[in-house]
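One-letter residues, chain by chain:
2 protein chains.
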Amino acid sequence: MENQVRAGITIDYTGMMSSSQNPQGFEKEELLELQNVLDQAQVTLKTRRAAGEIDFSMLLTSVKTELVEIIEYANAVAPKFENFVVLGIGGSALGPLAVHQALNHYYYNDLSPEKRGHRPRFYVLDNIDPVRFNELLQMLDPLKTLFNVISKSGNTSETMAQFLIVRDTLRRVCGEHYAEHIVVTTDKEKGNLLPIALKEGFRRFVIPAGIGGRFSELTPVGLLAAAICGIDVEKLMDGALGMDQWIRETQGVFSNPAQLRAALAHLSWQKGKNISVFMPYADGLKTMADWYAQLWAESLGKRHDRHGRVVNVGQTPVKALGVTDQHSQVQLYAEGPDDKVITFVSVVKFKETVEIPIDIDLPEDIQFLGGRTLEELLAAEQKATEYALTLAGRQHQKIILPILDAYTVGQLLLLLEWETAYMGELLNINAFDQPGVEEGKNGTYALMGRKGYEARKQDIEEYGKIRYSLGKVITN
Amino acid sequence: MENQVRAGITIDYTGMMSSSQNPQGFEKEELLELQNVLDQAQVTLKTRRAAGEIDFSMLLTSVKTELVEIIEYANAVAPKFENFVVLGIGGSALGPLAVHQALNHYYYNDLSPEKRGHRPRFYVLDNIDPVRFNELLQMLDPLKTLFNVISKSGNTSETMAQFLIVRDTLRRVCGEHYAEHIVVTTDKEKGNLLPIALKEGFRRFVIPAGIGGRFSELTPVGLLAAAICGIDVEKLMDGALGMDQWIRETQGVFSNPAQLRAALAHLSWQKGKNISVFMPYADGLKTMADWYAQLWAESLGKRHDRHGRVVNVGQTPVKALGVTDQHSQVQLYAEGPDDKVITFVSVVKFKETVEIPIDIDLPEDIQFLGGRTLEELLAAEQKATEYALTLAGRQHQKIILPILDAYTVGQLLLLLEWETAYMGELLNINAFDQPGVEEGKNGTYALMGRKGYEARKQDIEEYGKIRYSLGKVITN
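Note that the protein sequences, when read in sequence, are chains A and B.
For what it's worth, my numbering labels the leading residue of the first sequence as 16, then goes sequentially.
For what it's worth, my numbering labels the leading residue of the second sequence as 16, then goes sequentially.
None of these hints come from the bench; they were simulated from the model.
One or more hints might be untrue.
Because identical chains cannot be distinguished in the list, a pair is counted as satisfied if it fits within a single copy or across any two copies.
As the list claims (entries may be wrong) - Derived DSS-like pairs (lysine-lysine); straight-line CA-CA distance at most 30 Å: (1) 480 <-> 203; (2) 364 <-> 472; (3) 480 <-> 466; (4) 364 <-> 466; (5) 286 <-> 487; (6) 95 <-> 130; (7) 487 <-> 366; (8) 487 <-> 43; (9) 364 <-> 286; (10) 43 <-> 79.
Bound conformation, chain A alone (with noise of 0.2 Å):
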């Protein structure tokens, strides 16, 4: 059964249940309680997508729609320009980084030009160490370099210094063509880089209005890096579209799985689990899990509920990867507190098969792995890995894909940024803003002698002074 090639995505949430290896586990009757709410969460979420409040899956039409364009620009540049750096950082970095591991060649940049099919290499500076950033700007040849400057604002601080440092480069390097090195996604009608782009020519595609970023990876942020690079965004967008429509329309909790996933959630936080676990046993998915960790955290990390109330929710993430970390996590996972929850990814059937070859020589030992397969060893090991768990009493459930591909991966997209949806409607909170990291912007922007934050500097710079009158040990 498990081995069952399937087109959809299963969940298989047996080991949050209670049975006779894990007592601890929720019954079924809990669940079922939380339906009443869950069915208006339904109705809620539906009409704040009629109002425009949930893009993420109200624009998945009109922008399969800009694919035509997404995908003739991609298909016209690639060929041109041996590097491609998106400049951004967040969302505008995790989803574009996502999708390319877990659909590229894991060493894709490492591949010649003809094995990438004649597409360019791929770099995201989501930073701006100066260490990093120098190290690539002096290995790349900007003749030969495309950059995607991603900022819905323009007043992301590190886009647009990045953004500022490599124009200044381009038209150093590239004379009156610099424009043509140049992608702009950006909001449509405001903010500090369009009247930039206009001005100057760059091409533009734009981040439509109310999305956020951890919400835009199906928008021209995510789409235009993975066209060029090479990913079928026409199924990536299908299956997005599919599972959208599947959570949308489908009922009850036991049919929905972002309903399911967002009450095993609530059930577990309720609970007093305040960490949740994402371990996907396949490398293409490790950055996903990355992906995963700022949905999770900024939508759902929040002081107040919807009605104003300090509440202080959310779960923290935790990025894991099998079998990888079972030599690193898996203690703690097994022995320490029983305070987390565990999400496993996996992949039944992989694109590629490793034998193990047989040697009778071999010490007795390690006889057993000869004539197996990587595959085996990777599944055996995850389920030896549940098993334990189970007989520590500590709750896990899999997200299962039946093989790793563009359509699963438009598919699970969906299935978490819906699932974040529920969650904050089960938290009664808004999942779709981050007032906490106003305070640390706009901080930056006093540090940084940015003219209205005057007052503010001053504040951190008393605030420095107590600093120093309080705890530091040097060593030698």
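Since the structure of chain A is provided, determine the placement of chain B on it from the hints.
Only chain B this time, still in chain A's reference frame:
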């Protein structure tokens, strides 16, 4: 003061302490109350070290003398190979990766051979995903590749499977010279890998007997890879030896950085903070967060204390990266539950500087960036984030490296190892074993048909039957 470059590491723990801005912080008296326990721990650890139980420290001197041999071998093989591939998992992978990323070019593998100093590209195969495995092996020319198989016992299923496949390929492609493409790092006297290495004539390096994978970076496990890829391993060891001596000889929680960090961690754990975030503000230290996550999780996540009582202790480590994760995790850190402590790691002086160009035609909102540097922006972002977290009443501390080089990385490794050892003492557990992964390992042996595990196989299969009578949701 903050910008003063020092030879040593500084711990700034102000953000953990009570102040006018954060009254919930700790009082100095709370730390001082732990001094007796810490003094006792120092005596115990000294005794255990003398008895050969704190190998990561005790072995430093002997490893230092082994370096000549390691460097000689590394310099001999480096120019002969285009690729160097570590086959290892857990500590055998995370340590080499962390040190490589901290000290070599961020895009090392993308550099030309000249710019790499004619040293090989560096890959670590730390998983058994068949797709990635094949993608790597098909890309590399075996004739130009050196493989380093790392397993103390030769019992690690993942590494041994990889080894058997690679050896088979090498035999086919390189004929009688295949053994020159394999270097083995394993136990001196025992295990499954040793007899194969002896019989087939592989070059060998020794993993000292007692040491666990997560504490083995400064043994041939990590030093060989570092030396082959051009890292100054002597300077790395000097930093480690310096910090080791400092921590062993310095008395008092406010002078000994390992005691201080363990005491802060222990107080936070006692007060219900079950999450510990490690957030470097330097791209080079991103993988160090992975290494540290293993160290902290596997050492301290324990079911039993030393008296066999069930305690289920262990803070869950969370990896983050500044400034990148300000745009993904800080929303949760600032507004979510007060269930975590954060360690920032900052670098005072980067080895590169990048100026942001001035352009008076820009929209006024981003004018402030012009004329400043990326490292100023990075520092401002970190300070603003600290300030924002303080206002939100969230505890944080800083490990400050004057620069990021082999010396300070050596210091950092030892600081983190010693603080883990101290935390083990404060929790009264054994920080040096990992009994919780045995169940999963044995389950894997059982499912893969290893002799002697037949009964367990039946148990797991029974469990499988129960499993699928419970819950599944299938989409299309």
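Evaluated hints:
1. In this assembly of identical chains, residue 480 and residue 203 lie within 30 Å of each other by CA distance neither inside one copy nor across copies; the values are 44 Å within and 55 Å between.
2. Taking identical chains as interchangeable, the C-alpha atoms of residue 364 and residue 472 lie at most 30 Å apart only when they sit on different chains, with a minimum of 23 Å there against 56 Å within one chain.
3. In this assembly of identical chains, residue 480 and residue 466 lie within 30 Å of each other by CA distance solely inside one copy; the values are 23 Å within and 66 Å between copies.
4. In this homomeric assembly, residue 364 and residue 466 come within 30 Å of each other (Cα to Cα) only across copies, at 27 Å, whereas the closest approach inside a single copy is 56 Å.
5. Taking the closest pair of Cα atoms, residue 286 and residue 487 come within 30 Å of each other only across two copies (22 Å); inside a single copy the shortest separation is 38 Å, beyond that limit.
6. In this assembly of identical chains, the alpha carbons of residue 95 and residue 130 lie at most 30 Å apart whether taken from the same copy (16 Å) or from different copies (26 Å).
7. In this assembly of identical chains, residue 487 and residue 366 lie within 30 Å of each other by CA distance solely across copies; the values are 25 Å between and 53 Å within a copy.
8. In this assembly of identical chains, residue 487 and residue 43 lie within 30 Å of each other by CA distance solely across copies; the values are 12 Å between and 53 Å within a copy.
9. Proximity of residue 364 to residue 286 under the C-alpha cut-off of 30 Å is found in neither arrangement, the shortest distances being 35 Å within a copy and 45 Å between copies.
10. Taking the closest pair of Cα atoms, residue 43 and residue 79 never come within 30 Å of each other, the shortest separation being 38 Å inside a single copy and 60 Å across copies.
Hint compliance for this structure: hints 1, 9, 10 are not met, and every other hint is.
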